[in-house]
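Student: Below are the chains, spelled out letter by letter.
2 protein chains.
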Amino acid sequence: MATPDYTPFVFLLLLFQSGVWGVPVCQTPQESPTCGYKSCHATKPGMLNVHLVPHTHDDVGWLKTVDQYFYGDRNDIQHAGVQYILDSVVDQLLKNPDRRFIYVETAFFYRWWKQQTDDMQNTVKQLVNEGRLEFVNGGWCMSDEATTHYSAVIDQMTMGLRFLNDTFGHCGRPRVAWHIDPFGHAREHASMFAQMGYDGFFFGRLDYQDRNRRMVAREQEMLWRASESLTPPMADLFTGILPNGYNPPEGFCWDQSCDDPPIRDDPDLEDYNVDDVALVYKTNHIIMTMGSDFQYENANLWYKNLDKLIRYVNQMQSNGSEVNVLYSTPSCYLQELHRANLTWPLKGDDFFPYADSAHDFWTGYFTSRPALKRYERISNSYLQTCKQLEVLGGPISRKGPFGAGDSETLKKAMAVAQHHDAVSGTEKQHVANDYARKLANGWAHCQVLVSNTLSSLSGSSAPRVYCEHLNISVCPLTETMNVYNPLARPVSWPVRLPVNGTAYSISDAKGKVVPVSQATAAVRRGRGYAVNELLFQVQAPPLGYSTYSVSLLQNGPPSPPSPLPRAPTAVQNKVWVLWYNASDGNNSESIQMSGAYIFRPNTSTPFIISKTAKIETLQNSVVQEVRQWFSPWVSQVVRLYTDSRALELEWTVGPVPIGDDLGKEVISRLDSSINSSGVFYTDSNGREVLQRRKDYRPTWNLRQSEPIAGNYYPINSRAYIKDDKDQLTVVTDRSQGGGSIQDGSLEIMLHRRLLYDDVRGVGEPLNETSDIYPEGLVVRGRHLLSLSPPATAADTHRPLAQEVVLQPSSMDFEKEFSGLQAVLPPAVHLLTVSQWDQDTVLLRLEHQYQASESKEHSQPVTVNLQKLFSTLDMLGVSEMNLSANQWKDEMTRLDWKAESGTHHTGVTNQLCLLSPLGCVKTADLL
Amino acid sequence: MATPDYTPFVFLLLLFQSGVWGVPVCQTPQESPTCGYKSCHATKPGMLNVHLVPHTHDDVGWLKTVDQYFYGDRNDIQHAGVQYILDSVVDQLLKNPDRRFIYVETAFFYRWWKQQTDDMQNTVKQLVNEGRLEFVNGGWCMSDEATTHYSAVIDQMTMGLRFLNDTFGHCGRPRVAWHIDPFGHAREHASMFAQMGYDGFFFGRLDYQDRNRRMVAREQEMLWRASESLTPPMADLFTGILPNGYNPPEGFCWDQSCDDPPIRDDPDLEDYNVDDVALVYKTNHIIMTMGSDFQYENANLWYKNLDKLIRYVNQMQSNGSEVNVLYSTPSCYLQELHRANLTWPLKGDDFFPYADSAHDFWTGYFTSRPALKRYERISNSYLQTCKQLEVLGGPISRKGPFGAGDSETLKKAMAVAQHHDAVSGTEKQHVANDYARKLANGWAHCQVLVSNTLSSLSGSSAPRVYCEHLNISVCPLTETMNVYNPLARPVSWPVRLPVNGTAYSISDAKGKVVPVSQATAAVRRGRGYAVNELLFQVQAPPLGYSTYSVSLLQNGPPSPPSPLPRAPTAVQNKVWVLWYNASDGNNSESIQMSGAYIFRPNTSTPFIISKTAKIETLQNSVVQEVRQWFSPWVSQVVRLYTDSRALELEWTVGPVPIGDDLGKEVISRLDSSINSSGVFYTDSNGREVLQRRKDYRPTWNLRQSEPIAGNYYPINSRAYIKDDKDQLTVVTDRSQGGGSIQDGSLEIMLHRRLLYDDVRGVGEPLNETSDIYPEGLVVRGRHLLSLSPPATAADTHRPLAQEVVLQPSSMDFEKEFSGLQAVLPPAVHLLTVSQWDQDTVLLRLEHQYQASESKEHSQPVTVNLQKLFSTLDMLGVSEMNLSANQWKDEMTRLDWKAESGTHHTGVTNQLCLLSPLGCVKTADLL
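One line per chain: the protein sequences are A and B, in this order.
Number 625 in UniProt numbering belongs to position 625 of the first sequence; there are no gaps in the numbering.
Number 374 in UniProt numbering belongs to position 374 of the second sequence; there are no gaps in the numbering.
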């Protein structure tokens, strides 16, 4: 066996029950359809070819909810109705076979498709087969890149692409990734797109300095080498920057929402010189995005004028014009770039942070709506549990004694929550509420499914009790306390139970009494809620349950916390909570204010909440705690669990006071003696880690104009600073923004409450209140700090972060159970276990260590699939691409030449699979 | 021969050249198409039937020009593009055969039709033949009713209806007149619609008090007896008031321009109770106008939701609902009203003035843009001349030595100028400019035609010299001065020539020297213009030319005016020019201001310009003049021509000063000793005259809230007051507003200059300036006053008004010529002579006297068609309806029963025609 390349993900379709694949998941390319690259209009080699790409950008929620956008409801907020867009575009495509359209957001397309007649569906299939309607990107939504976790992104992409594959087969598979609107671009997204088989990627937004440099240097197209771990071209993605964001050139917008003059009998095109655009690109092909937000609701306006434009401009060729205009798609444009056979500059870093002007850094949304960001993250965790239990429970999980349950509802809710105005926090308040409502509804459907599975596995159909709101309510205590662990290795997890009694005894499944901390709760939860709290460590097997018995011994107040003999760690005293005063724009339109998108502190020095704090301490065999109240709206608990590898900082912020008319952006800052030399590290979508350097960008000479906001980066799961000796890593429980402004210091923004809109479209100040928090949202979260030698830091933060991402669920179940026969090796993360169709299961295994980050774990590893599941017999296995819409051995991507040699760092990690078919040679499959 | 009824118009198609009709002008109804009444959806007799009428209201110019509206240009002003509306509606009609649409404005439809492929044209014909697309109204535009002249209205209706007839035949003929937007309704319009064969008429706007009364009394439908002269039902028109203007009911607007929520899976219709609407109508049918201004550009939005609405509401019938909703058209609704076989209240007066609230009288637009109103009127005159000369000249008129000429361009320009935001003066300034530009372009085309005809008739192709701008420029004087008379009787007309010389001699065609007034011009025309003026009477034969020779005798200044020995008439000193201070709304939104539509004086007392005037007088054998300068911006010339029946008041107003920040509405007021007892009279569209009474409406108990504006009425050609002894009649040269506020007094508004918009949509103050008048528009016009015994007053004002409407054109021509062999009898007006197609000519003769208004002329009269034209041999004649889109003998209209007995005044007038076929028995043809 040849040494395979490092393959972080392996994506398998597992076959159970019968010897044949139930449904061909990926339809094999047929000869007859002329879709894809074959369907492109001819270009003229000697001329400048202008690719007109009719498109619409349909936000899966923003100013209106996704439902309102689909139906065209609440047009008083924004005129937009996607149902009409698709109606209209299909009509207009039929009128002229030359016309093209691309569609992007499958969440909307799916919904429209369901409402169509068979005739219309056949008509649309024909259009797709002829390449007249082409899907690009094709995920359920166009995900945000700064605040999403790779796990949820892969899920949403898979759902969208699967629908396209199931519905249209080969011709429904997008060739191009298309992130025209997200506010900055993550390297991990590019890596994922490459592994999903995309041939290229186009986007619209990047730092204005970067764009200016690239225009001069003709570097608006590049080969993005999106991983330092993967052997090229595995994570190489051809990437192009669109010439005008995603809008049409000025004067050429013919949508109902535009005012540009239509083309009349004698069009006067003198004002527009396509040559100017051509000057900043390398080939004699340029792309024009003919459309924008929710356009093409009346596609006739666009197409009628585009028909005329093409006819008129090309007629001028007979008078010597060398401009050729054609209907095109991103893939047709990409094909011409590929045919040009040029070499392209390499890109190794990412496109964060995004600034559209000197004082306009889009780094606020890294933290905006912290409660929604957390709810999205725990919903992902619960969805993974739900999907696992759907597989483990079998058909009865979906229809069982507790009724009809499903994972689909939460899948869809999670998929729309990945949208770049959803988890990003940049939507209107009522839309944020709708995302949360959708997630809650998804939970309810999953709870039925989970109950059915538990009932099936245990043989009992006693009512289940869920206690999902542990942080705000008192759980109705049952005799047993159960925890499901969605990870493929055993975990130990602190469980906190709010109670009204004083003394309890807790024992594990074997009857052994476990240590329990019984004290007043560190955090007050308001009137009517429990003041006492039980805290104990729970051990749970891989993909399995463990059971703990809880007995009330005595009512009454618990003993007060005992004095703490010593500070838990040396770091403790260097954690500060501070706030930046948000710029209010000085009532001037020319001065940028902080808002949902933009972070702009008024001064670079944050204000400290309080130099002193009211303190309580607690120490027992389970935990040592220091409870700090800095002000009525800021408190913190510093905790060290016995045997824990990390210090827990539980912060509570809010309601942020605004009586002083000052918007506030609250940060937690860790100051240390680490000699970080202006360098720090943040993860990309929860996976690989990128190096950041203060006041510096790897690809251009930065003129720094915002000393704080211009040094903020997205933190999805972790950030760290290090020197030769120490690495201080912070694992977060949600996406947040942060930076290292001073050497040895790491700051993370926790919460934002702002009084002004930042004029990027949302039209509301980010000033969250709710029924529960009428005075302003109170947010709580955790940072897990670990201090290790750099060489072994990953051994801690990798598993720690996965434990935060995939957290145990507490549920009522009467026996111990594990879905796995064996624990997976520490380097391997079980990313996905999901029922695909009746007889097949989608499994994603992931080598979770980056190249060279751990001496022990950044190594090849072997998994025996044959003996993986305890309750399922696997009959076959077939490898797929990351998004599960192509067989791995049919995935061929366009090859691109890089200008310079590879930046590739030699990698020796691999994930080899033992299966009924033998070892799957992952390298061969790429 | 039976005594025929009084028939004011007779409309004939005359056949020349060959013995057969060249083209069947009116296609005979075929059996196969199921258009019209046959194509209506079934209704449910026991239920409340709700007729949903999808429609668009497409102004032929308003905020944008007609071209901008067609193309969708300048959507920054207003989003509207008619080309897209028709594209979209046809598409959507094809999707569901139940759907219906009506289209109204042929100016737009014609233009769209020309751009369509044969395939599309056939598709549309099919839709029309099946009644799925139905034309209503069908004129070139939806004409204004307050400021138009019947001659131009008939022309524009004929042009639109002819296009529909030529294109679609029987199924293209509208059954219903549809004036949903005009701001008040003229009785003469109803009379014309009846004579054009319409079965019914619907409109949207009427006085709010009138509407309220009618809703209570269930009198929103009526039989309008639109003439006191015609025998019923000749001018009877079933008339219905639409329930909500022309808009959809609240919450049910699904256009792209609306924000109402779309129908989703579970529509909640509880808020809307169709029964409330049904309560104010007489039958169990109600109509809902589903559309509005420029709607249906994206018809899918409308139809998709209407489909759902119909399905959902009718589904409820199975649960006992008694509401039945259907796609319908105004004619289908009308048919159901007719089937109800009820009796309907009679209406004898008109719907002026229109008020939408207590202080919001739409009586300002009667005068708004007085210069445009005049230009429209003289353009009509020139168009009639042009059309006559096209007939008299034959084919060479259109292609001759002077190039290609045509009457079509001016016909179309005049047709769009009839629109209710064109001659009404309620359009934006740039749109008013466009109407004027279109008219000027039409003149240019006609001038080529006229030159070709003159060349043909005279055998000379010498260059023609036009002197159309007699009021502002010096004419290049040629040796001969020629005048064409478009009337069918000889006229004498004062011609005024601006000159730089002092002494001239003028002689007629027979060499006889005619008296000429040679003096400084009464009116200064600014620097560079002539200061002297020749004035002499010109005699011209019917439809013919006469020639005058002009010789310069001496250069230098003319003799100054001589002192005037006496005032020309007793009336002279009682003509005042005054101004009302326009309400400026006091900066409050709740107080209505004067604007393009609304007249609202701040106080009821007008301000006098000056009690004294600088005076010059002139008296010679041609004229007596008193020239009065009241202020730098108001002057007046009082003239009495020798042998004239009327006193001429030439007023010049402007630039109206606004340095005092006061908007001004300038009136001319005639005070007399006539005992008018609160009663006065105004004409309706230049034809029949209606009695008006101060602070009174014939059909309801008026609560008068605006003592001035609420007593203003449109004056299109004349107004008068009278008592037993005297009648003082004023003939105007354009449409104006006026009233009789005090007994014996008659005031006419001349000019308006306002500083505020009146919030009815136009969005501009009516504050006219131009390149020529940067300080503010200067307007000049004439009032012709006659004082007669009431019994003979019509004998003067009828011919006088026709001379003002059809004025002679001065043009260079070398011999005398008359197109008529014989003068028409004085009672008969030659309304139309127009080439129809190669071998046929459209002729309209009109009995121009109202019943009983003249002892001498309100009598039967006979015209011998055989001997009418001097140069044309008539081979056949066939009678048509007024709009020339039906053979008279095929015109059958629905019959309606009136509640009360006829108001009919016995009439004995008739117009009998002697033709090659004998006397056309007009009565038999109705």
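Treat the hints loosely; a few may be bogus.
As the list claims (entries may be wrong) - What the simulated footprint calls covered on chain A by chain B, stretch by stretch (three residues with Cβ under 8 Å from a Cβ of chain B suffice, anywhere in the stretch; the number is not a length):
| hint | segment |
| --- | --- |
| 1 | 79–92 |
| 2 | 299–305 |
Said to hold, decoys possible - Here are some, though not all, of the chain B residues that point toward chain A, as calculated from beta-carbon distances under 7 Å:
| hint | residue |
| --- | --- |
| 3 | D76 |
| 4 | D91 |
| 5 | Q256 |
| 6 | A791 |
To be verified - Straight-line distance between alpha carbons at most 25 Å, and here's what the computed SDA-like set of lysine to any residue pairs gives:
| hint | chain 1 | residue 1 | chain 2 | residue 2 |
| --- | --- | --- | --- | --- |
| 7 | B | K114 | A | Y110 |
| 8 | B | K95 | A | Y110 |
| 9 | B | K888 | B | D839 |
| 10 | B | K95 | A | Y312 |
| 11 | B | K574 | B | D839 |
Keep in mind the hints are simulated off the structure, nothing from the lab.
Think of the CB as a built atom: it goes at the ideal place given N, C-alpha and C, for glycine as much as any other residue.
Student: In ascending order, which of the hints set out earlier in this document are inconsistent with the structure?
Tutor: 6, 7, 10, 11
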